[in-house]
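Could you put the whole structure together from the sequences, leaning on the hints where they help?
Number of protein chains: 2
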Amino acid sequence: MTTTATTTTTTGGQHPLLEAHRETLEAARTALADRSYYSRYPESPSPRVYGESAPQDGQNAFEKARGSDFDALADQPSTGQSVGSEVSPYGPTLGVRYPQLDVDAAMAAARTAMPAWRDAGALTRAAVCVEIVEQINARSHEMAHAVMHTSGQPFVMSFQAGGPHAQDRALEAVVAALAEQERVPSSVLWEKPAKGEPIRMRKDYRIVPRGVALVIGCNTFPTWNSYPGLFASLATGNPVIVKPHPRAVLPLALTVAIARDALAQAGFDRALVQLAPEGDVAQGSDGLAKTLSMRPEVALIDYTGGPGFGQWLEREATPAGKLVYAEMAGLNTIVIDSTDDLRGMLGNLAFSFSLYSGQMCTAPQNLYLPAEGISTDQGELSFEEAAEQIAGAIAKFTADDAKAVEILGATVNDDVRGRATDVPALAQRLGGEVVLDSRAVEHATYPDAVVRTPALVAVDAGNETAYTNECFGPVAFLIRTASTDESLETFRRTVREHGGMTAAVYSTDEQVLEATREAAADAGVALSENLTGQIFVNQTAAFSDYHGTGANPAATAAYTDAAFVSGRFRVITSRRHV
Amino acid sequence: MTTTATTTTTTGGQHPLLEAHRETLEAARTALADRSYYSRYPESPSPRVYGESAPQDGQNAFEKARGSDFDALADQPSTGQSVGSEVSPYGPTLGVRYPQLDVDAAMAAARTAMPAWRDAGALTRAAVCVEIVEQINARSHEMAHAVMHTSGQPFVMSFQAGGPHAQDRALEAVVAALAEQERVPSSVLWEKPAKGEPIRMRKDYRIVPRGVALVIGCNTFPTWNSYPGLFASLATGNPVIVKPHPRAVLPLALTVAIARDALAQAGFDRALVQLAPEGDVAQGSDGLAKTLSMRPEVALIDYTGGPGFGQWLEREATPAGKLVYAEMAGLNTIVIDSTDDLRGMLGNLAFSFSLYSGQMCTAPQNLYLPAEGISTDQGELSFEEAAEQIAGAIAKFTADDAKAVEILGATVNDDVRGRATDVPALAQRLGGEVVLDSRAVEHATYPDAVVRTPALVAVDAGNETAYTNECFGPVAFLIRTASTDESLETFRRTVREHGGMTAAVYSTDEQVLEATREAAADAGVALSENLTGQIFVNQTAAFSDYHGTGANPAATAAYTDAAFVSGRFRVITSRRHV
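Note that the protein sequences, when read in sequence, are chains A and B. My numbering applies: residue 5 is where the first sequence begins, and numbers increase by one. My numbering applies: residue 5 is where the second sequence begins, and numbers increase by one.
Don't read these hints as lab results, they were simulated from the structure.
Since the list gives no way to pick one copy over another, a pair counts as held whenever it fits inside one copy or between any two copies.
Within a straight-line C-alpha distance of at most 25 Å, the following computed DMTMM-like cross-link-like pairs (lysine to aspartate or glutamate) qualify: (1) K407 to E392; (2) K400 to E410; (3) K68 to D452; (4) K196 to E410; (5) K400 to E446; (6) K196 to D345; (7) K196 to E30; (8) K196 to D38; (9) K400 to D441; (10) K407 to D418; (11) K294 to E318; (12) K196 to E27; (13) K199 to E56; (14) K294 to E320.
As structure tokens, this is what we get:
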């Protein structure tokens, strides 16, 4: 799996990592072009895949980091202070102390590192980025523990989404960036016909980076949501400063430390990737993200998190000339019209609602059901019967505490817990009706973890204020509409206005499916149809599924389309007669 | 030259324009990919190329439009009022009355027109766009008169830059947009290996437009600067509203009228392209551009003009979620170190300074010369001698009034005239010294035209305030530096800070050339080296030269790179098991 390239300097000729990663780049590029299935990094945490000692080594490394100074970043420019206040959503305090970044010195170091990285060229940068990802992959078990104990994800999900799936997204960003850069030839002989001899010019095209790139991480998917921006910026020549969420520093600290080592081994400046950690920020005071965003050196910003800061970036950073790629929040919607596989639908829905307690930006929240009920292979179900079946499927799926914690994970913060622990009060406030209450689940290993099963609240379609705010965490709405037509119209309108990262439909009627595709195109959201098996609406596959679209207010970017990478570099021509 | 496709409806199968323009699209796409020489539209206005009667027909059509209602746009939604206050920079009042657009109705019509255009697909849209450009090309002579009498460009330049060169830029934008859209496959069968049978999904990818696109034109290059944005937006599925400069409406009115007819002939809605004309706007009051920019329907804005409105767009429209592509102003720079072809250099410079009286956004303004002078094939020249030679070359080149007017054109507005007609006062205010005064040139045909030759003002490099504002029009600065090193450092720093659309260098020293390339890469500006023949720093060739870079404050976009087109559409996926 891991490449053992140990080059320490670039030579006059080709960089040795080019040969080492040529096949990977080729395969990834082909997959991206046709959007077919491709995964470089195995999603199974099995020792058969990652090595006999990998699970234990990973756990040991994580335990060693706890309560310690994070020395792997000791060579960053530092203020001399330490920061860090991470507490696992599962209970334990992490106690990792990170060196605080000296921002002035870090910006200067980043800019100094740029020219050699720029001049290395797109292909060498891509190969070095692949090497970074390979080295990250080798430490996937350690990363899994770091992601689990910062995000609250269950272990297997932490491994998969925090490890190989994030790494595949990184590789996708690298080849997307490479493809766009390689569309620009390095040189051309230009011949304009003229009377007599043609006019001949040689034109050289040079790809230049935009400036320092800032990546602002989130609490729930510290690696998965940060890697596309990080690697897209780095692969296009920009030095990157990573600002993790105060409660999810460790996964990105590991990432940055690995990247810096890999860069140095490849003969480049470690300052191309730097970490700007901070501890918990007092309510009402500005965090480091604002300071960094407004630095004149910063040209690119990738952000994942709540719409509050996202709107601040739009209001303040964008007019200051920064290019911002933001993923925020929306109303993920499922329209149920009919199904020929009720059992499959219920199982799929139960999983989608339960996974990580609905704390995914892609988790479904709004489920439209017609008041007249739905047709199924088990007969007609009234609205109430359908609601009951869905509630029953969730209750059954999460009935066993020991199994449930491996799907639900832990609630990430007090905001989520507040909603999950008093659903009746929430329902009353919103004018809804509790169809399924959230249940407290005991975690045998981590008794302090607050683990909750999904709740369902029924509301009428007319009660739009109830369901047009993002309700992050394990509460979803069953929305009673007059008909599937009203379901589709409300879906279209609310997602256009409030955004959405995902959408799904269940119908046996091809006309309804076609109408849903039209509504999804108008709403600017990706659509999953009749998922009844092992593919879930909240999951997107690198190289094939776009994560987000940029076409509605939930996000201004998609992982990974051309727009996500092509603005991160510019082309400078020099031309002369020959 | 012109295709006579007369299709009036789209059929169930392939659109007939696909076959008609297949070869053009193929040739243009190939040229764009390798950035080699390509031009679809002949730049010679000769009757041998455009037809015996073309010159006269064009003139007749222009004369007919004068003093009339512009009926070709009578089918637009209108307020019932007419607007129009164009006066030729050559003197005559145009007197064309345009129907004022009913903005509410126009926005509604534009949105109604979207779905069918979206669903036509990228290739059909590209073919229809080519058809529009072909029909525009057929009216190049008429367009030349319209451009001449709104911009003040001399006739041949009006023909070339306003006609075929602009048309080539349009075609470039169309194929750049096509290439980016075609990178997204329409469908894929995705197979993920699993225990037993693989998981199979069919995924369809649909390209959707962003919304209504607004194109805000400028006075000096109404077509050349508007076509890339217009056609990039249209080719990616967005309906376009064109807001011309109040003093340069006619060229874009012709363009929009032709586009609407071509769209209707091809079976699409005329409302995909609409004109929003206005008359002169009172000082201090908001023009129509602000109103249109802030309309909720508007998602994309292309703007060419002064930095004042450009900064307003950045401050107001960008935070409102509009994607803005702006070309504003900068300090176009020439560094002279040495030359082995003094005569060629002087001739080339004289032309570049004189062409359209320096009223091009690409015209050189700041010319750095070392105080110690320069080496040439005619011996060493002191700063004063070099300045004198350049002044002499300009004076000689513009000595004959009848010939000069065909290069200089007319000054476009009072602002330019103010600077050009009292250069000694300007020089005194700036602390500089007049090396060459601007001369009033008599225009035999248009005695009211204010035609001025270029002036040169010498300033010391230390007097930075004198030369770090754009001085639009026929005044350039000879900047006395301590050495070529100081020239390059000042070039790098001032263009990074204030922007620049073009740069050039003259040197016989390969090290100086290499250092200049580095400085240009840092400053983010395209570089021309040792131009001594028939290629000029102010000219960029479609398909090969990028116009602007987006890498410095002069512009946020380049004609035409991937970043210019890839953000104009989004991709919506729908996936299902098969």
